[in-house]
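Peer 1: Single-letter residue listing:
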Amino acid sequence: MAKREYAFYPGCSSQLRGSAANYLVSVESMCEKLDVKMTQIPDWNCCGASISYAGSSELARHVLSARNFALSDKHLPGQDIVATCAACWLGGRETIEKLDASSQLLADTNEALKEAGLQYKPGTEIRHMVEVLVEDLGYEELGKPVVKPLDGVKVAGYVGCQTNRPFGIAGESFENPMYLDKLIDTVGGESIAKYEEKVSCCGGSLAFCEPEKAEKQIKNIVESAYDHGADVICTPCPLCQANVEVYQSEINRKQGTKLNMPVVYYSQLLSVAYGGTLKEAGLDGHIIQPKKLQDIAVKVVKK
Amino acid sequence: MGDLNTQMLDKYRNNFLREVEEKVDDGDWVKMCMQCGVCAGSCTFGPDWEHTPQKIFMMIRAGKREEVLTSHSMWLCTSCYNCMVRCPRKLPITHIMHGLASYAHRLGLAPKNQPTRDFSMIFWENCTKTGRVNELKMTISVYFREGFVSGIKKMWTLRNIGRGLFFAKRLNPLELFVSHGCKDKDGLRRALKKADEIEARRRGYAVQPRGYSS
Amino acid sequence: MADMKTAAYICKGCGIGERVDTAQMAKIATKEGKMHLVREHDFLCSAAGVQLIRDDIDKEGVTHAVIAACSRRAKTEAFYFPSAAVARANIREGVIWARPDTAEARETTQEMADDYLRMGCGELKKMKLPGGNPDTGHAKRLLVVGGGVSGLTAALEASKTGYQVVLVEKSGSLGGWAATLHKRMPVREPYADPQDSGMNELIAAVKGDRNIKVHTNAVIAKTDGAPGRFKVDISVESGSSVTEEVGAIVQATGFTTYDIAKLPELGGGKSANVIDQATLERLAADGAAKGQPIRRPGDGGEVNTVVFVQCAGQRDESGKHLAYCSGFCCGASVKQAMYFKDANPAINTVVIYDDLRMPGNGEDFYRSAQRKGVIFTKGKVTSVEAQGQGCEVKFRDLILDEDATIAGADLVVLATGQVPNSGVNIDIPEEEVAKMEVKPVSILNLTYRQGKDLPQLTQGFTDSHFICFPYETRRTGIYSAGPVRRPMDVAQATEDAAGATLKAIQAMENAGLGRAAHPRSGDLSYPIVQLDGCTQCKRCTVECPFGAIDEDEKRYPVFNESRCRRCGTCMGACPVRVISFENYSCDTVGAQIKAVDVPDEFSEKPRILVLACENDAYPAIDMAGMQKNCYSAFVRVIPVRCLGSVNTIWITDALNAGYDGIMMLGCKHGDDYQCHFVKGSELASVRMSKVDDTLKQLSLEAERVISHEVAITDIARVPQLINDYAAKINEIGMSPLKGFA
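Protein sequences appear in the order of chains A, B and C.
Residue 138 in the numbering used here is what sits at position 138 of the first sequence, and the numbering runs on without skipping anything.
Residue 460 in the numbering used here is what sits at position 157 of the second sequence, and the numbering runs on without skipping anything.
Residue 787 in the numbering used here is what sits at position 270 of the third sequence, and the numbering runs on without skipping anything.
No wet-lab data here; the hints were simulated from the structure.
A virtual CB, placed ideally from N, CA and C, is assigned to each residue, including glycine.
A couple of the hints might just be wrong.
[Claimed, not checked] Just so you have them, the derived chain A footprint on chain B, three or more residues with Cβ under 8 angstroms: (1) 309-321; (2) 373-387; (3) 473-480; (4) 490-504.
Sequences are here, hints too, so could you generate the full structure?
Peer 2: Right, dumping it as C-alpha cells:
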C-alpha cells in the first residue's frame, strides 16, 4: 500500500492532448517515486476557472466545484483532494469558503446538485500538489529520492498568482513566497533569491483575449530571468507555464527580441532529479527545450 | 435584456450603491473601501484601466451607474488577486470586479465585442458542453469570434505556436472529433440549469436562456 | 572653608586600572588637586568601596569627595552621599571607552584621565553641599481652573489621590462642551455606536465629593506666589472675592469653537441650514428630548440629505483660518452621521473629507459608519449655497479628479476646529494689544513680572513638549490639560486631566520639600544672588524661561525659588556673575576650565573645551563611549545644566587659558524644541551670536567657538562632530594665546 493516498483532480489542461499534458506525466512519475498514490476522481468536471464569470453565475461555478467534491466523497471517501492546477485549486477553495459561510448558498448548491443525484457535504479539503509536497512530506523527505542533483542548473522560481494569492501556501508571504526556491534547492538546483518577477501576473487567461497586454508581462518575466542568469523558469501553474513558454516566439516576432527561455514545472525538476527519463519527466513536451534538464535526464548514473 | 436594465433603473433610481450591494456578487463590500489606492497601484493591467478599482468604488458611491457598467475597466482583471491580498480593508476586490463585469453583461451594458467578455462566454459554453474544456475548439472559437477571415489570419500568425504545441503533444487536431468529457454530462447540465433557476429566483431576474438542455 | 576636608577616590575597576596609571593620578590628586585624602580602589562601587567612602565621611570628617570612576550618570545610587559634596571625574565612559586601546593612544589617554581628575578636584573645591530652598510653601490643595470634562476629571482624580481641590468655573454650570453633547464617541468594544457622554454622572460625582470645593460663575482676579504657596483671589457671582491658598494649579480652560461666520464661502452665517458640529449636538439633544428626529433649522422641514464638511476653516494654508487639525472633528462627524443613520437608514449622509483622521479605535468606529451606509467622499468643498429649502454643496472630488455637486442638502454641518482658551498672549507687546478690537481677557491674572497668563508656544496653545513632557508649562506648578494644551476629544481630555493632575501633585510635594520639579526633580540646589553686586540690568528677570524672577520696587530681582527649575539660565545671563547655585556656579565650571593642563603651542596637542547639555548631549557622548565610538583625545567635556546657563566668562577664560577651540552642544530650539528648559538653548544661541566680538577683540578666528544642536540619539554623530572639529582646529592651527594666562 502507498504511504499516502489522495483523490486527484487533474483539471482540463492536464488531460491527454491538453496544453499541460506533460505536467500530468511528470506529476505521476514524481508521485510514484515519493510513494504517493493519486486516484483520479471518477467523472470529474471542469472547475469553471476564474474567467467564466460573464458566462456563468456565482452559484453555477460553485455547483461545478461542489460536484467534484461530492464525487470524491462518494468514491474516495476520507481522502483529501489534490489539484495540480492553480485555478482548479483556487476555485475549489473559494467554493468551500463561500459555502461554509452561507447556509443559503450551501442549500442552493445542493438543490442544484440533486439534479445530478449528488450531494455536497461540508468538510472537504482541497489541496494544491505543492502543499502535499511541502506540508505532508516536507523538504527533507523530498530530498531523499534525489539521484541526479540538478547541479549547475540555475532556476528562476516563478510562483505567479493563483498558487500564491489569495490563499497561498500556509506560512508563506504573498510578496515573497519561498517554497518554490526551497524545492529547487532541495533537488540540488540553484534558486534565484532576488528574482523580481516571482509573483507577477503573466496575464492569465487574458493572454487569449488581450494578448498584447499579457505579452508585456511575459516579456518582463522572461527578461528578469535572463538578467539573473537563469537557465530555466520553473512554475507551479499550468497557465503560467503555457503563457510564458508559448508567447515568447510571438514577442520575438513582434519586437525582434530573441527570447528562448524554457519554462518547466516543479514536478519536472523533481522527476528528473529522482531519475526520471525524458518521457517520464515530460521533458518531451516543450516548445522551448529545457536543454540542461534534458541533458541530466539522459545521463546514466551509476548506482 | 435591456428590459432588465430599465427595471433596475426604476427600482434603484439614483441609488447605484444600493443596486450594487444587492445585485452584484460581493457588492455589499463596496461601501467599506477607504480609498487608499493600494488596489490601483497593485493591479497587473492597472495602467490600462480607464478607472482603477479605487475609482470604480468611488464612482459607485457617486452614482455613476452608466459610466461604471459600460466600462472596459473591470474586464481587464486578470484574476491575479494582488489587490485582494493587499487591501487593508480586506475587500474581495477581484470578486467585486468579476461581479460588476458579470452584472454589466447581464444588463446588456457591457461594451460590444469586449474581448474578455466574449472569451468568458466561449469558455463557459465550451466547458459546460461536455463538462470539460476542449482547448482546441475553444481556441478556434476565440480566434474566429470576429469572423472567418480574421480567424484565419490569426491562426496563420500563430501557426508556429500551434505546430510547436502539436510536436510537444500538447495540441492535437484529434480533439476536434474526440472530446474529453464527463460521462454524466446530462446530470451536470441539469444541475447547472437548476443553478440558473435558483440564481434568477434569488436575484429576481428572468432565467437566462442557455443551451444546457441537451 | 576652614572645615572643608577633601578626598579623591580613584577606581581601578571596569578596566580603568589596566588602561591608565592610577598611581600617577593619585599623585596628581595630592600634589595638584591638594586633596587631603587620596585613595585608589579596585572596585569602588562595590559594597566595600562604598563603605570606604562612607567611613571616610563619617569617621574622617570628609566633606567633599571627587570620585574618579564612571560617568556621573552611572552608579548614582552607590555614589549617593547626602552629607558630602560630590564631584565625579568621568574616567570610564569619557576616557577609556572613548579611546582606542593601543600603545600609541596610551599617552593621550592618560592625559585625558589626568585632566578629568584635575577638573574634578578643581570643581570640588568650589562646591558646597546644597541645603535645599528654605523659602518653601506647604499648601497641598489643588486649584483647577475650568469645569469641563478636563477640569472635572482633574478635580476628581486629585480627590481620589487624597488632595483637596478648589474648582473655578466661569459659567453657571459644570460640564463644559462635553455636557452639551447628545452622545460621545464610543470608548469600549466594539466601538460601533455613539454612547452616552456620562457627563451627568461626572458632574454629580464632583458635586458630591467633599474634597472638592466648586465656585461657579467665578473668575480668577489674581494669582500670586509660587508652587506650595499660591494665593488666588477668586471673584464669585455675588461680586465678592474669596482668597484660596493652593499648592499647584491645573488650567483646564478648554476651547471655543471657531466662528462659523468666518466661513461665508461654506455658507457659514448665511444659511440657517449650515451649522457647526456643536449646533448639531444641540439639535440632536433637543430632538431626542422631544422624541423627534433632527429637523432643518431653517424651516423645521424633514432632513433627507446631510453633508458633513471636514476641515472647515482648519488646516488652512492661506493664513486666514486655523492652520492646524483639531483632531476630534472627523470622529465627531462620523458620530453625527450615525445620529441620522441610526434613526433612519434612508437618510443620505455624506462626509466630504480630505484625510479622515480617526486615531486609536476610531478606525473601528469609521468602519461601523461605513457599514451603516454613511458615504465617505474624498474631496475639497469649494462652496455651500442656500438653494430652496436646503443647500447646494459644490466640491472637488479628489479621487475622480472632477468637480461635483450635491444638490438639495437639507443640512450642511461644518467641522470647525477648537480655538484654545488660553487667556492673554504675554508675548504680544502692550502697544499691539492696545490696538486690538477685542481685548484678550486674562485667565490666571498672575502677578508674575513676565505676564499674566501661561506662555503660549504656537497657535495659542499653552507650551508643552508633546512627547517628552506633556502638561509642563513654562510656569512651575501650573499645568495645562485638555484642549487648551492641544486640540483633543473627550477621551483624550480625560486622560490628559489625570496626567496633569499627577504632575501638579508632584510639584506641590517637591515645593514643600524645597526641591526642584521636572526635569531636575529632587534637586536641592537653588539660585542664590549676591544683590550687592547686582546692576539691575534685568537680564535674569527677562530671560528666566519660567518667570521665576520678579522685581522689587528698587528693580532688584526677587527670586521665587519654588518657581525655579534650576536650569541656571539666570546665571548664564548675569553679566556681573552674582547668581550661583551651591554646587553649580561660574566658579565650579571656571575652576574645571582652569584646571586643565594646556600643552604649549609646539606640542601638537590642542585642547578643545566641550560644554555639553547634561540632558541630551552629555548622555549622547557617554553612550558614544559605551559603544566604543572613539573620539579625539584633545577634548575636555564639561556637562552643563543647560546651554542657557553658559556664562560668557567661561568662554573668555578658556580662550585666555589657551584652549584652541570651544564646542557647545545643546538641544534643538524653535517651535519643535527639545530643550528641557524650553528656552535655554535658544537664549544661549542668541548670546553666543555675540561671542564673535570677543573673538575679534582677541584676534581669534570665528571657528574657535562653535555650537551644534544635538539630540540624545546622536550617538554616532557626536563623535563625528568632535572629530571633524578637531580636524578643523588642526587646520586653522593652535591658539596664539597659549602661555599668557
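Peer 1: So, for every hint listed, does it hold in this structure?
Peer 2: How the hints compare with the structure:
no.	hint	in the structure
1	309-321	violated (count 0)
2	373-387	holds (count 7)
3	473-480	holds (count 5)
4	490-504	holds (count 11)
Hint compliance for this structure: hint 1 is the single one not met.
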